[in-house]
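**Student:** Residue-level listing of the chains:
Protein chains: 2
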Amino acid sequence: MQNFVFHNPTKILFGKNTVPSIGNETVAFGNKVLLVYGNGSIKHNGIYDQVIQSLQDVGATISEHAGVQSNPILSHVHQGIKIAKENSCEVVCAVGGGSVIDEAKAICAGVPVQHDVWKFFTGKKSVKNPLPLTTVLTLAASGSEMNSGMVVTNDATLQKFGFANKHLFPKTSILDPACTFSVPADYTAYGAIDAVAHVLEFYFTTTEPYTPVQDRLMEGLVINAIESCNRVLEDPFNYSARAALMWTATLALNGLTGAGLGKIGFPMHMIEHSLSAFYNVPHGAGLSAVIPGWMRTQVKLHPKRFAQFAERVFNKYEGTVGETAYQGVAALTAWFEEVKAPTSLTSLKVPDSDIPGIAENAMALAKVWRMRDYSEEKITEILLECR
Amino acid sequence: MQNFVFHNPTKILFGKNTVPSIGNETVAFGNKVLLVYGNGSIKHNGIYDQVIQSLQDVGATISEHAGVQSNPILSHVHQGIKIAKENSCEVVCAVGGGSVIDEAKAICAGVPVQHDVWKFFTGKKSVKNPLPLTTVLTLAASGSEMNSGMVVTNDATLQKFGFANKHLFPKTSILDPACTFSVPADYTAYGAIDAVAHVLEFYFTTTEPYTPVQDRLMEGLVINAIESCNRVLEDPFNYSARAALMWTATLALNGLTGAGLGKIGFPMHMIEHSLSAFYNVPHGAGLSAVIPGWMRTQVKLHPKRFAQFAERVFNKYEGTVGETAYQGVAALTAWFEEVKAPTSLTSLKVPDSDIPGIAENAMALAKVWRMRDYSEEKITEILLECR
Numbered sequence: 038m039q040n041f042v043f044h045n046p047t048k049i050l051f052g053k054n055t056v057p058s059i060g061n062e063t064v065a066f067g068n069k070v071l072l073v074y075g076n077g078s079i080k081h082n083g084i085y086d087q088v089i090q091s092l093q094d095v096g097a098t099i100s101e102h103a104g105v106q107s108n109p110i111l112s113h114v115h116q117g118i119k120i121a122k123e124n125s126c127e128v129v130c131a132v133g134g135g136s137v138i139d140e141a142k143a144i145c146a147g148v149p150v151q152h153d154v155w156k157f158f159t160g161k162k163s164v165k166n167p168l169p170l171t172t173v174l175t176l177a178a179s180g181s182e183m184n185s186g187m188v189v190t191n192d193a194t195l196q197k198f199g200f201a202n203k204h205l206f207p208k209t210s211i212l213d214p215a216c217t218f219s220v221p222a223d224y225t226a227y228g229a230i231d232a233v234a235h236v237l238e239f240y241f242t243t244t245e246p247y248t249p250v251q252d253r254l255m256e257g258l259v260i261n262a263i264e265s266c267n268r269v270l271e272d273p274f275n276y277s278a279r280a281a282l283m284w285t286a287t288l289a290l291n292g293l294t295g296a297g298l299g300k301i302g303f304p305m306h307m308i309e310h311s312l313s314a315f316y317n318v319p320h321g322a323g324l325s326a327v328i329p330g331w332m333r334t335q336v337k338l339h340p341k342r343f344a345q346f347a348e349r350v351f352n353k354y355e356g357t358v359g360e361t362a363y364q365g366v367a368a369l370t371a372w373f374e375e376v377k378a379p380t381s382l383t384s385l386k387v388p389d390s391d392i393p394g395i396a397e398n399a400m401a402l403a404k405v406w407r408m409r410d411y412s413e414e415k416i417t418e419i420l421l422e423c424r
Numbered sequence: 038m039q040n041f042v043f044h045n046p047t048k049i050l051f052g053k054n055t056v057p058s059i060g061n062e063t064v065a066f067g068n069k070v071l072l073v074y075g076n077g078s079i080k081h082n083g084i085y086d087q088v089i090q091s092l093q094d095v096g097a098t099i100s101e102h103a104g105v106q107s108n109p110i111l112s113h114v115h116q117g118i119k120i121a122k123e124n125s126c127e128v129v130c131a132v133g134g135g136s137v138i139d140e141a142k143a144i145c146a147g148v149p150v151q152h153d154v155w156k157f158f159t160g161k162k163s164v165k166n167p168l169p170l171t172t173v174l175t176l177a178a179s180g181s182e183m184n185s186g187m188v189v190t191n192d193a194t195l196q197k198f199g200f201a202n203k204h205l206f207p208k209t210s211i212l213d214p215a216c217t218f219s220v221p222a223d224y225t226a227y228g229a230i231d232a233v234a235h236v237l238e239f240y241f242t243t244t245e246p247y248t249p250v251q252d253r254l255m256e257g258l259v260i261n262a263i264e265s266c267n268r269v270l271e272d273p274f275n276y277s278a279r280a281a282l283m284w285t286a287t288l289a290l291n292g293l294t295g296a297g298l299g300k301i302g303f304p305m306h307m308i309e310h311s312l313s314a315f316y317n318v319p320h321g322a323g324l325s326a327v328i329p330g331w332m333r334t335q336v337k338l339h340p341k342r343f344a345q346f347a348e349r350v351f352n353k354y355e356g357t358v359g360e361t362a363y364q365g366v367a368a369l370t371a372w373f374e375e376v377k378a379p380t381s382l383t384s385l386k387v388p389d390s391d392i393p394g395i396a397e398n399a400m401a402l403a404k405v406w407r408m409r410d411y412s413e414e415k416i417t418e419i420l421l422e423c424r
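Note that the protein sequences, when read in sequence, are chains W and X.
Using our numbering, you'd call the opening residue of the first sequence number 38 and step up by one each time.
Using our numbering, you'd call the opening residue of the second sequence number 38 and step up by one each time.
One should not assume that every hint holds.
Chain copies aren't distinguished; within one or between two, either way the pair holds.
As the list claims (entries may be wrong) - In silico lysine-lysine, DSBU-like type, Cα no more than 35 Å apart, as pairs:
(1) Lys80 with Lys341
(2) Lys300 with Lys122
(3) Lys208 with Lys162
(4) Lys53 with Lys300
(5) Lys337 with Lys165
(6) Lys119 with Lys341
It is worth saying that the hints were derived from the structure and are not from the lab.
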């Protein structure tokens, strides 16, 4: 096991009827609240009203910043920072999925500084004294509700970049599984796949030879993402299944899975970010198009690791280690198909002729993330395998 | 899944050569430090010198409170509080295993108040503004390094009581697996069994029917406690194995396993506390004497749950559900025997004639812990099964 620091100070309030706590949890940090949300779905399912009521009940002054899009964009972050500054907001409350929470984190980081917030994403500046953040989660997927990372697309340069900073953990996140009842089947599946992808990035990029505690944790989370997603798709209003999926997605990227694994990479995210930047596909859909191809390029290099995954997650025990290893990839791909997620660039209608441009774009992020083992050629090879 | 709050603010520094960070981590909360430790083993293995050096390097004033015994006692807690008050200590640094950390927590809670610290244990007073605590862990077992609970024996009344309070999470805990190299085989096994017991208490006392995320986490931790303990016993200086055991024990009682399980109990601890109070047996040894008997009384009541445990932890799949369920209990008992831990009251040389007294003592704790489904009769029945 490699040395690590684990320090996750986010307070999670999980369960039924927890949304009305958001007022108290938020004004603990200040009365002037910037409320950040997306394209208004929270106005249809009643969550918006609950949040406003709770904030008003505790005397908050609310400024609103709506319209965060899936794959949030920098120009909209700039608008949010402007509103927060104009209204002297002291705390940010994000109500939505990972995109909304990510944009809110960028706003929190950007308000106290004079320079462009994008400098945090390119590693040119480091976050200090951000505004505190509270969240109400409405989508089981990104884990942003209990971690310090975020991803934003620079709509001027079409770069989808991400970074993490220890000051950006939400103070409190409210996770009511009932808030996800109205998430449609496709986005439910994309969310589950996002959670699975977070685990796979750690699981298959660690070079640490002995991480048995983390392995069991990660394998359990993949099993749970799959099983709970399947249950939700059968019965979208099944509270227990929504709860299991929600908690799984949160635990899949709260720092625990990676603690002790040493240096890990996010190669699938690195490539996917270019797909969302160019085609604005949902993040989980982009991931599911990349994961099978990426895994096929890796399975030969780490057959034992892939075989362990196949055995423990999918109960595949037949054949040689190499055969078992492939069966795990095939089983995961089959599950993606089962939940109607794309499993190739072709299914996303990305033409072969776009591959060089995607590789070039992804390479820019690989440089920022210091993924030195990825060249534009290697990314191209993976993209060809993803077709 | 039941509603829950999860909020664990302890910062973990895990790995090789992390002990020298204790100075900085501690004086962040004040320069006047109360150093709490046990019976001097840290003076033989060099950890004491490292800690003193690190504290001196950052200009700390150190007051010492040594001699914490395994199963820490109230009169010694009182002494620690006195020393801390006399020296106006601002922060407590515990160097040791669960007993040392538990006693340090009691001291942290007791310093700012005028009343007897025991009132926290009997539920008559609630902790406010305790001194901050940092720790250097030297035994993989209790999980106290990353939770807010503690257990102390009132040596006047022979009551071994415990409680938890959200203000008592250590601020920082340093976990260097090399600090456990000198732990002998028996205490290594008792520590692993303590970690297993923490998982079993949650796993088998929850009445929540659907907790798949927590189940996989808990099953993984039991598997890892067993596997890493076995590796350590074969090769005590195996860093990876010590690391896996250490992290497993920490995760086994940091709040994550129980989050969402609803009301759970600590029946095995409740009974074991009386054994340590009367006979001063090591906590893990007391637990291993109680666990098999307690499980045998429960397996008929929850055969499916016990069968799931047998299947996923011990790969037992044969026979009926009821048969499988028993195979899990037998396999765990066999492992206790393998690591030379007691598996009955008889092996602890507790005579049958003591059983009524033990049951009476345990019942007092059952009342404090509000375990309404445990009567003195029921405890007696379990103790008879533990013979």
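**Student:** With reference to the structure, classify each hint as holding or not holding.
**Tutor:** Evaluated hints:
no. : hint               : verdict
1   : Lys80 with Lys341  : neither (49 Å within a copy, 43 Å between copies)
2   : Lys300 with Lys122 : neither (37 Å within a copy, 45 Å between copies)
3   : Lys208 with Lys162 : both (23 Å within a copy, 28 Å between copies)
4   : Lys53 with Lys300  : between (38 Å within a copy, 16 Å between copies)
5   : Lys337 with Lys165 : neither (43 Å within a copy, 57 Å between copies)
6   : Lys119 with Lys341 : neither (52 Å within a copy, 57 Å between copies)
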